[in-house]
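Whole structure, please, built from the sequences with the hints as guidance.
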Amino acid sequence: MSLVRKLAFRNLFHDRLRLVATVIGIVFSIVLVTVQMGLYLGFGRMVTTMIDHAQADLWIMPKGTKCFEDPSLLDERKRFRAKAIDGVAEASSVVIGFADWRTPGGSSTPVFVVGSDLKAGGLHPWNLVEGQLTALSIPNAVAVDQSYFERLGVAGIGSTAEIRQQKVRVAAITDGIRSFTTTPYVFTTAARARQYAGIPEGKATYFLVRLSERADPQETRRRLLANIDEIEVLTSAEFRDRSRSFWLFDTGAGAALFAGAVLGIIVGTVIVAQTLYSSTKDHLGEFATLRAIGSSARYIYEVIIWQALISAVIGFCLAALIGGLIVKLTEGGALPIMMTPLMTFGLFALTVAMCVFSAIAAIVKVMRVDPAIVFSR
Amino acid sequence: MKEPVLEAIDVVKLLGSGAAEVQALKGVSLAVGAGELALLMGPSGSGKTTLLSILGCMLTPTGGTVRVGGLDTRGQEPEQLAELRRRHIGFVFQSYHLFPTLNATDNVQLVLDVRGEYGRKAARRAQDALAMVGLAHKLKSYPSQLSGGEQQRVAIARAIVGDAPAILADEPTAALDSENGHAIMTILSDIASDGARGVLVVTHDPRLVPFADRIVRIEDGRIVGEERGPARRKTKANA
Numbered sequence: 001m002s003l004v005r006k007l008a009f010r011n012l013f014h015d016r017l018r019l020v021a022t023v024i025g026i027v028f029s030i031v032l033v034t035v036q037m038g039l040y041l042g043f044g045r046m047v048t049t050m051i052d053h054a055q056a057d058l059w060i061m062p063k064g065t066k067c068f069e070d071p072s073l074l075d076e077r078k079r080f081r082a083k084a085i086d087g088v089a090e091a092s093s094v095v096i097g098f099a100d101w102r103t104p105g106g107s108s109t110p111v112f113v114v115g116s117d118l119k120a121g122g123l124h125p126w127n128l129v130e131g132q133l134t135a136l137s138i139p140n141a142v143a144v145d146q147s148y149f150e151r152l153g154v155a156g157i158g159s160t161a162e163i164r165q166q167k168v169r170v171a172a173i174t175d176g177i178r179s180f181t182t183t184p185y186v187f188t189t190a191a192r193a194r195q196y197a198g199i200p201e202g203k204a205t206y207f208l209v210r211l212s213e214r215a216d217p218q219e220t221r222r223r224l225l226a227n228i229d230e231i232e233v234l235t236s237a238e239f240r241d242r243s244r245s246f247w248l249f250d251t252g253a254g255a256a257l258f259a260g261a262v263l264g265i266i267v268g269t270v271i272v273a274q275t276l277y278s279s280t281k282d283h284l285g286e287f288a289t290l291r292a293i294g295s296s297a298r299y300i301y302e303v304i305i306w307q308a309l310i311s312a313v314i315g316f317c318l319a320a321l322i323g324g325l326i327v328k329l330t331e332g333g334a335l336p337i338m339m340t341p342l343m344t345f346g347l348f349a350l351t352v353a354m355c356v357f358s359a360i361a362a363i364v365k366v367m368r369v370d371p372a373i374v375f376s377r
Numbered sequence: 001m002k003e004p005v006l007e008a009i010d011v012v013k014l015l016g017s018g019a020a021e022v023q024a025l026k027g028v029s030l031a032v033g034a035g036e037l038a039l040l041m042g043p044s045g046s047g048k049t050t051l052l053s054i055l056g057c058m059l060t061p062t063g064g065t066v067r068v069g070g071l072d073t074r075g076q077e078p079e080q081l082a083e084l085r086r087r088h089i090g091f092v093f094q095s096y097h098l099f100p101t102l103n104a105t106d107n108v109q110l111v112l113d114v115r116g117e118y119g120r121k122a123a124r125r126a127q128d129a130l131a132m133v134g135l136a137h138k139l140k141s142y143p144s145q146l147s148g149g150e151q152q153r154v155a156i157a158r159a160i161v162g163d164a165p166a167i168l169a170d171e172p173t174a175a176l177d178s179e180n181g182h183a184i185m186t187i188l189s190d191i192a193s194d195g196a197r198g199v200l201v202v203t204h205d206p207r208l209v210p211f212a213d214r215i216v217r218i219e220d221g222r223i224v225g226e227e228r229g230p231a232r233r234k235t236k237a238n239a
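Protein sequence lines, in the order shown, are assigned to chains A and B.
The opening position of the first sequence corresponds to residue 1 in the numbering used here, with each subsequent residue numbered one higher.
The opening position of the second sequence corresponds to residue 1 in the numbering used here, with each subsequent residue numbered one higher.
Just so you know, these hints were derived from the structure itself, not from any lab.
Among the hints, erroneous ones may be present.
[Claimed, not checked] In silico DSBU-like cross-links for lysine-lysine, where the CA-CA straight-line distance does not exceed 35 Å:
#1 Lys140/B with Lys121/B
#2 Lys138/B with Lys281/A
#3 Lys6/A with Lys83/A
#4 Lys365/A with Lys140/B
#5 Lys66/A with Lys365/A
#6 Lys140/B with Lys281/A
#7 Lys78/A with Lys6/A
#8 Lys63/A with Lys78/A
#9 Lys119/A with Lys6/A
#10 Lys66/A with Lys6/A
#11 Lys365/A with Lys26/B
#12 Lys63/A with Lys6/A
#13 Lys119/A with Lys63/A
#14 Lys63/A with Lys203/A
#15 Lys66/A with Lys203/A
#16 Lys328/A with Lys365/A
#17 Lys63/A with Lys83/A
#18 Lys138/B with Lys6/A
#19 Lys6/A with Lys121/B
#20 Lys281/A with Lys6/A
#21 Lys281/A with Lys121/B
#22 Lys138/B with Lys63/A
#23 Lys138/B with Lys121/B
#24 Lys83/A with Lys66/A
#25 Lys78/A with Lys203/A
#26 Lys140/B with Lys6/A
#27 Lys281/A with Lys365/A
Okay, structure coming up:
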């Protein structure tokens, strides 16, 4: 094995204080990027959680709908027209809207009501930990998530409250259905959701379409658009992309997360570049000796690049540990920081790229070294 | 003299520019043959180090010709000059220039490493070179664990391990006491005696004269004298 790696390793570990500074720079940078990108992923997933859990091949929605939470309305008559289209097996209504939840104690909190027809496939609460879905058919029944008990002033099944002066009773409890807006979701039937959200009879927010066997989604969409006016028809994947794009980019939230990540990369690059440069400067005599004894420029660059790579691996391992801990700590929070294998690999590639890029300044310095200085030192 | 391993013909070197320009070498010609130890002597500022840098392919002459192993260095790119250095020239520096983070074997092996020769065979060659300079017992020692004389021996082992035909030594005894200086010069003299290598030692120390086959005197950028050294005469006398 060539001495390149040994030399790089020894150069790094020779000055431990500088190595610590380098590693701190990398760790700081990569943890910052991890948090920002993890928030981006977590946010991206949370804004589509309702779409992910809906049983729909196609979504019919009012024209110009920006995201799932957009409260525009469709006429129920369009649902019947949709059901008559060839290829449509089922079209069920989903009603959403904001409402005011009044606790027995008299305080109030905004909630996001999600109602769908219990008999048809639609958008029903999932992760039920207590109660049954069928219990929602009982008058005034709602399902809420246990993480919002305190906010909603309830203690479990049987607890009561009021929405729009109408009594509600908790009949089912979910776990982990959290809203990125921090407004609790309240699941109920479509009819009651209209009452709670003040939506007129005969209106709905979405129609969820299930296709019949062997029906072509594109062809069915074309037929729906040709027969029903003022609507848009999206697949779940398309609606997911649209919602994500709205929340992440149209609101500027994604840009802020990206800006934080870019800042992390810049800070990390500057710190690593600075420490590598100063390390190279300190070892300039050795690099000049290498050049004097006939080493190629490439050999010297390899030493510096290996220094950068070793720093990258050490820094990344520590950053990944800290990142993993942060992911674990935020797991049950309102906005969990997510980490996927692809993101982990991407972060490693980013760390390596950042460190190698940082080596450029050091390489430029070494390129200018005059081997003849070995005679004067 | 056998075929020169290093040769400078009418070498001129200008240093600086404009009003600060100085002619460091004013048409210097010098050849070092295999099997000889030549001393290049002169006062400070005489051009010794400039000539050594040019012969060592680290500095390009302004005029004249330099041949290393018979190859003309004119017009060579920096990478080609580096190639010439690693194939043809071994260096011994006044301040040793060993790598403090590498042990003696690795320091010597580095010369082979930059040639792309590594592994057990290279390590064995490095250890053999260290044994030749009397450091077989210090193979794993780091420079900080070695005396000045021992460090210079490691540097000599590094210069000879690649079988370079020319050894350039810049004030190799300047940082050593007379006993260690004598030991170092004995080693360099032995290297020259094997007949395969030529050694050029730059010095202003007259105590090195007894080791020389030839003494070249330089002053103010010019060769001002050349004489046969006592070493060759000693050899003949001994014979």
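To see whether the hints hold, each was checked on the structure:
no., hint, result
1, Lys140/B with Lys121/B, "17 Å, holds"
2, Lys138/B with Lys281/A, "30 Å, holds"
3, Lys6/A with Lys83/A, "72 Å, violated"
4, Lys365/A with Lys140/B, "32 Å, holds"
5, Lys66/A with Lys365/A, "53 Å, violated"
6, Lys140/B with Lys281/A, "27 Å, holds"
7, Lys78/A with Lys6/A, "73 Å, violated"
8, Lys63/A with Lys78/A, "13 Å, holds"
9, Lys119/A with Lys6/A, "70 Å, violated"
10, Lys66/A with Lys6/A, "57 Å, violated"
11, Lys365/A with Lys26/B, "32 Å, holds"
12, Lys63/A with Lys6/A, "65 Å, violated"
13, Lys119/A with Lys63/A, "27 Å, holds"
14, Lys63/A with Lys203/A, "15 Å, holds"
15, Lys66/A with Lys203/A, "18 Å, holds"
16, Lys328/A with Lys365/A, "43 Å, violated"
17, Lys63/A with Lys83/A, "19 Å, holds"
18, Lys138/B with Lys6/A, "20 Å, holds"
19, Lys6/A with Lys121/B, "18 Å, holds"
20, Lys281/A with Lys6/A, "19 Å, holds"
21, Lys281/A with Lys121/B, "33 Å, holds"
22, Lys138/B with Lys63/A, "84 Å, violated"
23, Lys138/B with Lys121/B, "19 Å, holds"
24, Lys83/A with Lys66/A, "24 Å, holds"
25, Lys78/A with Lys203/A, "10 Å, holds"
26, Lys140/B with Lys6/A, "15 Å, holds"
27, Lys281/A with Lys365/A, "8 Å, holds"
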